[in-house]
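From first to last, the protein sequence lines are chains A and B.
Using the numbering used here, you'd call the opening residue of the first sequence number 1 and step up by one each time.
Using the numbering used here, you'd call the opening residue of the second sequence number 1 and step up by one each time.
It is worth saying that the hints were derived from the structure and are not from the lab.
Please note that the accuracy of each hint is not assured.
[To be verified] Think about it this way: if two alpha-carbon atoms lie no more than 25 Å apart in a straight line, the pair counts; the simulated SDA-like pairs of lysine to any residue are:
| no. | chain 1 | residue 1 | chain 2 | residue 2 |
| --- | --- | --- | --- | --- |
| 1 | A | 80 | B | 275 |
| 2 | B | 26 | A | 77 |
| 3 | B | 224 | A | 86 |
| 4 | B | 115 | B | 133 |
| 5 | B | 20 | A | 53 |
| 6 | B | 78 | A | 53 |
| 7 | A | 80 | B | 238 |
| 8 | B | 20 | A | 65 |
| 9 | B | 24 | A | 65 |
| 10 | A | 80 | B | 21 |
| 11 | B | 237 | A | 84 |
| 12 | B | 323 | B | 19 |
| 13 | A | 80 | B | 323 |
| 14 | B | 275 | B | 342 |
| 15 | B | 24 | A | 53 |
| 16 | B | 237 | A | 73 |
| 17 | B | 24 | A | 52 |
| 18 | B | 237 | A | 88 |
| 19 | A | 80 | B | 19 |
| 20 | B | 26 | A | 87 |
| 21 | A | 80 | B | 246 |
| 22 | B | 26 | A | 69 |
| 23 | B | 224 | A | 94 |
| 24 | B | 20 | A | 69 |
| 25 | A | 80 | A | 65 |
| 26 | B | 20 | A | 94 |
| 27 | B | 237 | A | 69 |
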Amino acid sequence: MRRVAIMGKFLSRFSSVWFARLTAAAILLLPVTAVAAPAAEKIARIAVFPTAPYYIFIVYESLAVFWVAILGLLVIIRMKLREIERIQAMGADNEDPDAPLLE
Amino acid sequence: MNCPRLKEWLEERYDLEGMKRLAKGKLIPEHRYDLWYYTGGITLFLFILQFLTGMLMALYYVPHIDFAHKSIIEIVTKLNMGWFFRSLHHWGSQLAIVFLFIHLFGTLLLKSYRKPREFVWLTGFILLGISIFFGLSGYLLLWDERAFAAVRVATGGAGAFPVIGGFIKAFLRGSMDVTGDTLLRFYAFHVAILPILTLGLIGLHILLVQMHGMSVPLSLQAEKQREVPFFPNAFYKDLAIWLVVTGVLVTFTVFLPPEIGVKADPLAPPPENVKPEWYFLFLMETLKLFPGSILGMNGETIAIMLVAGAILFFFLIPFFDRKSARGEKSPLFTWIGVIYLLYFLTMTAVGFLS
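Modelling step: build the complete structure from the supplied sequences, incorporating the hints.
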């Protein structure tokens, strides 16, 4: 009984207007929390790519350099292949069985 | 670098000159469809990349339900370039399967499977099956809720197969449901059993291709063929194509790193709109076409039986196509190939968009 009396004394400090305000605030906050939920989910998503702008820049820069290197190598391979085909067309790559050995 | 003493040392033991002559003596036919020859080389190149990136990740991955998901997060977020190698492994597997399908349908439509290359087709087809299982087993290793649900559906589907379905399901899962046993089993498949089988079959496939030489399409056999040596002509072209594929692969790796979902919870309901990997979509859409029950029989079992029959026919196609084995044109089998291809593409697109 004593505990109930203490609780009653404590609650009497808050007026009914105070309870109404609290309820209204909770109702108003509900949509806010609902909107914030996907954002919280987004935060929980695991970063599968560097997040620091400096590293992101390095990654994209490296990719660009990589493509330049690939294109350069493709040009070299094309030139080499044309050279090989030119030599083959001349028949200069065929081994001559009668060629004298220098040894 | 010129090391005459090393060359001499090797020459004494191994016939290096003979090997050189063999490489130079191997000829490749040159014609308007010869681009298809390079799809096999691209697939081989992607397989090698998969082996390398897989080995790197195996150094850090922990195949245990409590640590698997966490270890992948650590690979991606804490290890230097970990995100890159994981993404490279993911996109490498996707591209390898794309090129395997291109290689398969190219071989089918050019009738390169015809006599005497039946075993080249069979070994290649088994390699495709193994690669798909590689994809499925690798997907579960992530141990996130999507992978968990997809593997549960896939292994459950295998269970619908009559007579041996229950055994296949139990063998794949290692228990009644997808559990830690399944994870460990799929890990063993992914890093030990399948790689050994793949290496053996790739070796056999390449050996058979070397034995039989490159196949020339029937429509071009009457024409006089121009041939070029494999080394250096075809080798340099292979090299150029591999470079372009590497560039495309790295671009995908950087721009589209694969996501990591929430850790799998066997007691949680499956997430909405779970889809398997794209190469299973045609199968999923086919199963959807069938009602639950047909003439009192389980519709899923009938669907699985029909799909298994269609795949078996596809596998044994060199033995059914007698005309092309005799060196005659066989338009019926060309149409069958086109229908298979269109069905696969349409159902995959439907599954992707639905």
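Of the hints given before, which are not true for this structure? 1, 4, 5, 8, 9, 12, 13, 15, 17, 22, 24
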